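Quick note, the sequences are listed as chains A and B, same order. Per this note's numbering, the very first residue in the first sequence carries number 29; after that it's consecutive. Per this note's numbering, the very first residue in the second sequence carries number 2; after that it's consecutive.
Quick caveat, the hints were computed from the structure, so don't treat them as lab data. As the structure is a computational prediction, the values presented were derived from the model and not from experiment. Virtual Cβ for every residue (Gly too), placed ideally from N, Cα, C.
Computed footprint of chain A on chain B, listed as stretches where at least three residues anywhere in the stretch have a Cβ under 8 Å from a Cβ of chain A:
hint : stretch
1    : 29 to 40
2    : 46 to 52
3    : 63 to 71
Which residues of chain A face chain B? A partial, calculated answer using Cβ under 10 Å:
hint : residue
4    : ALA282
5    : ALA425
6    : PRO490
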Amino acid sequence: MADGQRLGAAFLAACAEHGERRAVVAGGEELSYARFAALVRERARTLDALLGPDLVNVGLHAANSIDYLLCYYALLVAGRLPFLIDATFGAAELEGIRTSCGVPAFLFDGAEPFPLGGEARAVPDSALTLAVPPAPAGAPESGVPVPGAPEPGASTATCRFTSGTTGAPKCLEFTADAVIAAARTWAAGTGLGPDDRVLCLAGFTNGLAFNTSLLPVFTVGAELHLYQGLPTSGGISRAVTRAAATRLVAFPLAYRLLAAAPRPDVGAFAGVTRAVSAAAVLDPEVRRGFESRYGVRIADYYGIAETGPCTYEREPDRSEGLGTALPGVSVKVVELPTGESEVRVRTDSMAAGYLNAPGALAERLDPDGYYRTGDLGHLADGRLFVTGRLGGPINLAGRKIDPAEIERTLLALDGVTDAAVFADTDANGETVLHAALAGSGRIGRAEVVDACRARLAPFKVPGRVTFLPAIPRSTVGKARMTELRRLVRDTRAADGTPQELEKKA
Amino acid sequence: MSTANEAARTDTGIPGDAELRTEIELLVETATGRVVTVADLRAADGELDRAGVNSIGYINLMEVLEQRYDAVIDPEADPEHLYSVDSIVRFVRARLTEGGRA
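Isolated chain B, as found in the complex (with noise of 0.2 Å):
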């Protein structure tokens, strides 16, 4: 079944929620040198701090996350865009769309 944001994809090349949210799981798991898996961050629902990730964990994942979508998020100023898997894949939809990435 094609979801709105699968059919997204196709017009613009952005990852639909589904692809999106198993990239950033990943992303996750690499910053955090593997200490926290994927199966730890959804025992967790998702939320970082929950599942155990860590400042160097957090600077890690802000680095990539600026690097491969361009989405910079200050965690003084939008400490919710890093609260979970959830909350990121929303800030970096929105970026890739106003950003117009493929």
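Chain A extracted, bound-state conformation (with noise of 0.2 Å):
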């Protein structure tokens, strides 16, 4: 049996266990959990019967629904490699994806073209399409991964994706026996039980749903309640109190989106007792206004893509600070010879290795197995504080984004002879991304902008551009941040926006 398969039979074994509980709901559907295995059994005979013996590394592009979930157990009880891919990712990102990782099908939403174009084939009982990208030059059929694309572990159960700098996302292989310990430190560390009701805001290629919802919610038998769309104060009010909820599981946003609601559905909230955020800094006032007005606390957890959960709160009156270690999980702070202090972290759900970046994790590792997170930090009785970021991706609300990626798409436009972007804070105190850029050539914000817009995914668009004669580097060609933050202030200072490059060269 593939690992994949040990992991859908884990899955299968919790639907056994919980019957005719309730699993899941979402957009007015709900099902039991021997119906969802049901149907999860049935999916699976329909993509083995779709994809045939070939196709076994599939992506799944789309957006958080009973249909997703469908698929994506379905293509572990199959014994299919299931890729969760961001569904805000275009043309560029999935690209990398199929050559860098060696994916030749994709699962999407269907109601768009796929942005790959190839054959589209419904899959019956499903708004999820399959696409089969056309092969590649060189390549010898449509759907046979390009050549000397790497091979996943043979452990491999699912693959996620994180921030990469080479125009590829960069792919983390998870082992079941990882996914399973995610699942039962996440239980059994925050108390989740039968009773649960659990309404998640996040998608599932985010590890705050990925280790949070996906598989722990299903593994206690407690029920999964998927938020569909953006969301308002008032949608996740309406949400909570359809769902019952007594979890909910968000991003900080969310929460400021909620304690600033001119018309708070108080009342709403009255069954929800813990209330999870992560993946982004919660503002200590955010906290303060939220927790005072629902009456609810907020459990901050931390965790990271390639360790999966690593702390979390347990205590109701601690507001400060990320909690101790779940179950499983090692935290040890480490002086930096520039006196930094780094937090590292050991769990039992780290991820295999990154597919399209053999060795990269392991370079990431100490001697003793621990992962360097680049986040700073300290312990103060086994609580874990952040206090910021040696450097690498930007966080924007949950989403890492690395600089190099998108300096690399600016640097393809004619007329840029340099780039730089860096995270940037705009009026409302969220963070923006900003791009410095130097050249010859007539340029303005609405070209970058579109430029950035046909290759990135929207989140990866810069908001800010500022045109100045040459970015600032050091003699070994690093942007000087300090300086380059100064002069980004002074131009915008004097001439104001939209500007040009003609201008300033």
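Two chains, two separate frames, one set of hints: put the complex together.
Dropping the structure here:
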């Protein structure tokens, strides 16, 4: 039995245990555990027939839905390897995944044509469609991965993505044991039980949902309620009411909206015992505002894409820090030669490696097998406090973005000779991507936004664009960020926007 | 010169198109933390995606449309309503007319 099938079997065993209990609810549709399992088996047979013997690696490029869950678990049961892909990824990211990971087939929301084109086949009894994009030059036939594409590990059961620098998101390989360990760790460490009704606002491709909802909810026989669409305070309140939710799983942005809502539906949250926040820093004022208004405690959780869930605050009267280590997790803080203190973690749910960056994950492990998170912080009485970053990806409302990926796109624009992308703050205090450009062509903000929209997922498009005569760089070519920020600030104060490169060159 | 919509404002208190458009443009600017300015919006013919409104901007905008006009847009079911300033104006006007909001 393939490792993915072992993961599928673990899911089916949970369904058998919980029988007629309600398992999942979304968009007016609901399934009991028994019905869920029956539909997964049926979908597995359907996908088996559609995919044939050759299409093993299958991308799942869709928004959260019951259909999504059926396809994910059916792929596992059918012995295929699911790759969970952010639904906002566009042609460039998908092509990168196809070629660098050897993913020849994709299940996608069928309303729009698949960004990579190719043959589209309806999946019976599903809103998802199977796309098999045309084979690249040199490949013998459609559906066959690019020659030389890496082989996933024999025990890889699910692949997810994190930000990459080369145009292709980095693909994390997880074994069945790692996924099951993450689910058990979360359930045991947070007291998730069969009477819980979990309303999840995060996409399954994100660690927040993957680690707290996708499998953990089903292992304990709880109910998973899916929020569909963009969240507003009213929409969340209505969904909490419909679900009679006991747990809310959401990003800090959702709590900000709820804390600031002018007409809050406080009663909707009467049954919520725990609100889980992760993936980005939660503003202490937002926490205080939400908790005092709704009488529900927000429990911060710390997790890393590469390691799974790490810490959680279990004590209800604690409102600072990220809690203590979850079962099976070790956290330590190591002082670096620079004097900074880096958080390092070791878990039972670590990824096995990056499929399309062999060896890169091993390089992130220290000699004791701890993952170097790149987060700065400290431990106090076993509680983790994260205070900053050593560098690396920008965290934009829970999505990690490597500036180098955007800089590559910008440098491909006519007339742009240098580019630096960094995290800035907008007038609402939210993180925003800022692109500083130098060059000689005639180009404005609109052209930059257009070009990025054509090549990158929408969340990677820089909101602010500033044109400079040159990007200040060190002798080794690194952007000198302090000087760059000062130049950008002075330029914007002097000129306003939009500007054009020609005027600055 | 008085337009039909301006006349409607006189009778019902509902803003005319020009006024509503200006309101919506400013709401977009505020929703994006002033990252997308009114000038950026106009340069993109009022199309929000083209102007560079990101998902956080859309969420903030939906929030304020719901709070201010009781206009609930489901971007999954009716994505066209959030396409441009014009489409938002049409949607909000319909909502205000339907609700008899002054």
